[in-house]
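Protein chains: 4
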Amino acid sequence: MGNTFGHLFRITTFGESHGGGVGVIIDGCPPRLEISIDEIQFELDRRRPGQSKITTPRKEADQCEVLSGLFEGKTLGTPIAILVRNKDTRPQDYSEMAHTYRPSHADATYDAKYGIRNWQGGGRSSARETIGRVAAGAIAKKILKQAGVEIIGYVKRIKDLEGAVNPDTVTLEQVESNIVRCPDADCAERMIDLIEQIGRQGDSIGGVVECVARGVPAGLGMPVFDKLEADLAKGVMSLPASKGFEIGSGFAGTLLTGSEHNDEFYTDEQGQIRTVTNRSGGVQGGISNSENILIRVAFKPTATIRKEQRTVTTDGTETVLAAKGRHDPCVLPRAVPMVEAMMAIVLCDHLLRQRGQCGK
Amino acid sequence: MGNTFGHLFRITTFGESHGGGVGVIIDGCPPRLEISIDEIQFELDRRRPGQSKITTPRKEADQCEVLSGLFEGKTLGTPIAILVRNKDTRPQDYSEMAHTYRPSHADATYDAKYGIRNWQGGGRSSARETIGRVAAGAIAKKILKQAGVEIIGYVKRIKDLEGAVNPDTVTLEQVESNIVRCPDADCAERMIDLIEQIGRQGDSIGGVVECVARGVPAGLGMPVFDKLEADLAKGVMSLPASKGFEIGSGFAGTLLTGSEHNDEFYTDEQGQIRTVTNRSGGVQGGISNSENILIRVAFKPTATIRKEQRTVTTDGTETVLAAKGRHDPCVLPRAVPMVEAMMAIVLCDHLLRQRGQCGK
Amino acid sequence: MGNTFGHLFRITTFGESHGGGVGVIIDGCPPRLEISIDEIQFELDRRRPGQSKITTPRKEADQCEVLSGLFEGKTLGTPIAILVRNKDTRPQDYSEMAHTYRPSHADATYDAKYGIRNWQGGGRSSARETIGRVAAGAIAKKILKQAGVEIIGYVKRIKDLEGAVNPDTVTLEQVESNIVRCPDADCAERMIDLIEQIGRQGDSIGGVVECVARGVPAGLGMPVFDKLEADLAKGVMSLPASKGFEIGSGFAGTLLTGSEHNDEFYTDEQGQIRTVTNRSGGVQGGISNSENILIRVAFKPTATIRKEQRTVTTDGTETVLAAKGRHDPCVLPRAVPMVEAMMAIVLCDHLLRQRGQCGK
Amino acid sequence: MGNTFGHLFRITTFGESHGGGVGVIIDGCPPRLEISIDEIQFELDRRRPGQSKITTPRKEADQCEVLSGLFEGKTLGTPIAILVRNKDTRPQDYSEMAHTYRPSHADATYDAKYGIRNWQGGGRSSARETIGRVAAGAIAKKILKQAGVEIIGYVKRIKDLEGAVNPDTVTLEQVESNIVRCPDADCAERMIDLIEQIGRQGDSIGGVVECVARGVPAGLGMPVFDKLEADLAKGVMSLPASKGFEIGSGFAGTLLTGSEHNDEFYTDEQGQIRTVTNRSGGVQGGISNSENILIRVAFKPTATIRKEQRTVTTDGTETVLAAKGRHDPCVLPRAVPMVEAMMAIVLCDHLLRQRGQCGK
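Residue numbers (my numbering), protein chains in the order written: chain A, -2 to 357; chain B, -2 to 357; chain C, -2 to 357; chain D, -2 to 357.
Honestly, I wouldn't trust all of these hints.
One copy or two, either will do: identical chains are not told apart, so a pair holds if it fits within one copy or between any two.
Said to hold, decoys possible - Straight-line distance between alpha carbons at most 30 Å, and here's what the computed DSS-like set of lysine-lysine pairs gives: (1) K50 - K84; (2) K321 - K71; (3) K139 - K357; (4) K84 - K321; (5) K357 - K142; (6) K56 - K357; (7) K156 - K71; (8) K84 - K357; (9) K84 - K142; (10) K304 - K139.
If you're looking for bench data, these hints aren't it; they were derived computationally from the structure.
Can you build the whole structure from these sequences, using the hints too?
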């Protein structure tokens, strides 16, 4: 259960890291949208492993096949099914996992929940599951683009190295200009060095991805359970390794007084009602106010490390384990397109819901 | 839209701050559960305004009526409808709101979304909406209690005053022993002083609520979109004024390396597989691991302040506004039962879903 | 579970025949719709018992109260909660039901499912549950009316007495011109006589309600599971006492060949593509084609009869039972507004869904 | 939208008749269920075209591939994705469809809804869409079998030829003993002759499929919208070409009085509460009563015929059309596994929902 996300623009993902493949069904996509395989593959390439020296050396082309829902380069309005075959599996890398639980992985909880587990990899908890999300996100982004909305994510912080980035002006080109996806070029250098150093130690690190949506019209979102920030939180907190979520001022905002924190209104030169500050992060009462929507997501250090750790076998016997497979010392660079995808899917769903209920 | 939450244990809330009343329909509650009106009212009383000198002086008894779903003190398995009438309304306090947008409130976004707004209060964004959640939470807590699960929330921080609380041992009695609901008695005193001082200034402050679930069996949650942390994040990020969410190590965990962060396994004296640390916050891969589930929620300073602020009218004319109504200088003490309620509803829903799919 | 219906225009009903009351929450209603209590009450009055000599003599005013979602005569876009209090209960009429199962009622299945039952009436299986549906239907009808859609139901057949009615021209006035709601005045007389005669015998009869939607734009509905006829079938088959559903040619259409059954296309004087016949019932491939949508619903004879019947007690002891309460000898006249309501709710939901996905 | 069905046992289908393939994702399947590809393929073979002289001569092996969710012959509890590739397409058979609407097909309504259409076949309205349903049904049947439930469908009537079949004793072997799937051998002969004769004329015929579920425990279903008969109606009315649905006495039951129609209770030799008759069709108040659940579905004559028919082109020009492709003169034999699949999916979903809410 729980493999479907969204209400009108709705995605369902499937697939384990090992087996026939992974993919997604996108239901509710507006018809007649022009979208090419290349646009989808572009995002998958940003997500795939082996793309640079700081990601896992596993080589997976992650070439996608669109099984349905497209005709002559346009969406039909019917389900778009996208499949990526699994390749380059090395089950021997995982044989120990059949009997030994990896610390801070889902092996033990899978056994507790299902009483069965495909130990030849991470199962549904593998980062490969996010392939379907990223593919769906590419389509959501295209819909949003036509509505004037642009979504840009980037690495804000690696461990304690924090980049200086202006979310109001940052561009995709800046993000993609280096392999760590931090638009602050100087900081990016230091981040890359740190990741390489940690990787050589057989250890791992985490950090924070920030993501901005610009051009979102006022009025998206709902006042109660489906607040925009609530759906965004659910979307990104369902990504592997995420441990925290903020919108706008976030946790730091709790250190201000109301008079310091409130976003005062003014009318701009175009006669639009705007806010002087944006501590709300573009959302007030769960509904977008046309200011930039700004979120941050905390990703823990990768659980798979080559250092030896204390653990237990499936029958409870204590033992030690050191990962042998090929893994990312830091998921952050590859998490950027994932966060963007979830933000795009949430906003696209709310765009259609708003049109459905309120007719605009 | 978006007024329903949960999949098997499912709640739908209704009602504005002004009008006939507010309430909830709880669908999917197991039958034959013993629950009294007093148990529901107990939680509503923890939430209601006017309960102490540091909450709004509005006097609202918030007496609930159960319209359906109970018979001779037990649940029928059919929808439980609970209604709380609105009282003590002073529309004159709000007349200015018909034409002037309150900064960091939802007035402007409601107009953008719906093109209409009940200006006699906060509408669905009023904290009164949470009455339905807290009532439903009382029932969810009772179901969880029978499954051995206990949920305790408390104020962890007010502005920069942080209490020392052990989530593994904290009790409801400790939480309820002071009006700010911080179990660290010394810190609580300082918090109360600070809230009173800020209130006298016509300003407001925020902080952090922490909430723990103890005794959760391993196996609750889902591996992908409906990860336990994702549903918890959605639940609490849909509460008014929340700006951030963390589980386990949260944002601070991003400063550790993997070898520092991972929760190593061991087998305890009862032969149970446990983790040495709990940076995962009781959830691995979206599924509970039987350790305590620990979350934190950031609440911004109350938007309503008596200080004069710059704003605009509905037609865009710039003006100033100072709130005249009776409001909380700090929502945190009353947010505690709200966070507990959302956590209880999420865990109860997953308990039933797990039983449905996996039969245990 | 299962007390919610609809996807964008979504209703949740609550309440038993005995207890505080029954009602509905309507979520997803478009904002700024003008709707008065009188318009809702009009439909409830068509549904209520005691409205004529051929319905149950129970007197229930069924006066509705709108608790939320309306402001100055217009919808707010937020949940509309409607409550009708229970009155005129005579629990003594039902005391035997605590221990004896009524044949073809839900008493026994409730006990099997929930292990508990409010024996003071029919619980959720009471026709009172449909109050919420009819109230929601009044609002759905108003939305549809603004889109040019009109829904008219009527009694087509009572037992073997079948009225001659033209669904393309029948009017509400014709339907309401007699107490049995059959627009064929001559047949209506005979139907009324038959119902009275059967009622005097302490027995009951059933029949068929037909319902037409005129002016439905082409394009509503979905090609697969949410076909218009599938959602209509679910809607009306969830009404108490319904045993069968047809759209267009229905079961009789299975006696024709394809060349006899197919609806050939032509272009009318306005240049619109139309069909010569309408055996499809206004829906092709699950999607409306702008022809009139025509459905029929079979309602069994009322289960409650004053004749003595063989039955068992809750502990399985065989006994006999004859109903003592006041009941309808025929539900058909009161079923007409129920069928209309469900058809309106389904079409309204699909209207909003179509606008959401396809933008028109 | 609308490509997902079910609440806990939930399927999502994808794919057009032309393109990469068709398939299904099954979410919520209980873990550790033993299921083989052969068991799934068995049902697909009952559905596939070209299986006998009375079905379309199109040869489609419809070989399925399980992409995920199975491991070493058992379900993992995660999504089961099943893909069947498209083959043997003859787009030239359909070229006329690009510009000419086939009577009683969905071509025109697709254009009205989406403004775009894959004219190389029936798109989502193709019977190929049901491959995913039948594959999912095979799994649902296996789950039900372990709960003691058996589902058997058969052709009850072809045009006016009605077979004599006892739903309480009919076996799968009897159904599969002839190519028309009517267990009344004599009638089956006449049905086959009639279908061949009609096929030679380039025409088509319809009929009625009856389907029984035996061994269903009492207590499945819901009292209001998700009544068992409502979900069954939706399930089968979403199949291509279905025009009507009945449960138990159906439309014929409306000709009886209440005293004739009611199912009196008695206690059988095992002490079980049973009903003397089964006009309720195994469901009372939306909930199963442990008697056999019996439904009937009307299927119209196949819309595709080789006889010349009046129609219009996409720009409204009147013309004539005679189908050239290879089609079934009667869908009934292949509809049997489709009806069984939908009934199995509905019952399986309610089995899990009942366990979730009521714990049994």
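For each hint, the structure was consulted:
1. K50 - K84: within (20 Å within a copy, 42 Å between copies)
2. K321 - K71: between (44 Å within a copy, 28 Å between copies)
3. K139 - K357: Both: 19 Å inside a chain and 20 Å across chains, each within 30 Å.
4. K84 - K321: within (18 Å within a copy, 43 Å between copies)
5. K357 - K142: Both: 16 Å inside a chain and 20 Å across chains, each within 30 Å.
6. K56 - K357: neither (45 Å within a copy, 40 Å between copies)
7. K156 - K71: For K156 and K71, neither the intra-copy (43 Å) nor the inter-copy (42 Å) Cα distance is at most 30 Å.
8. K84 - K357: Answer is neither; intra-copy 45 Å and inter-copy 36 Å both fail.
9. K84 - K142: Close neither inside one copy (33 Å) nor across copies (36 Å); limit 30 Å.
10. K304 - K139: neither (42 Å within a copy, 44 Å between copies)
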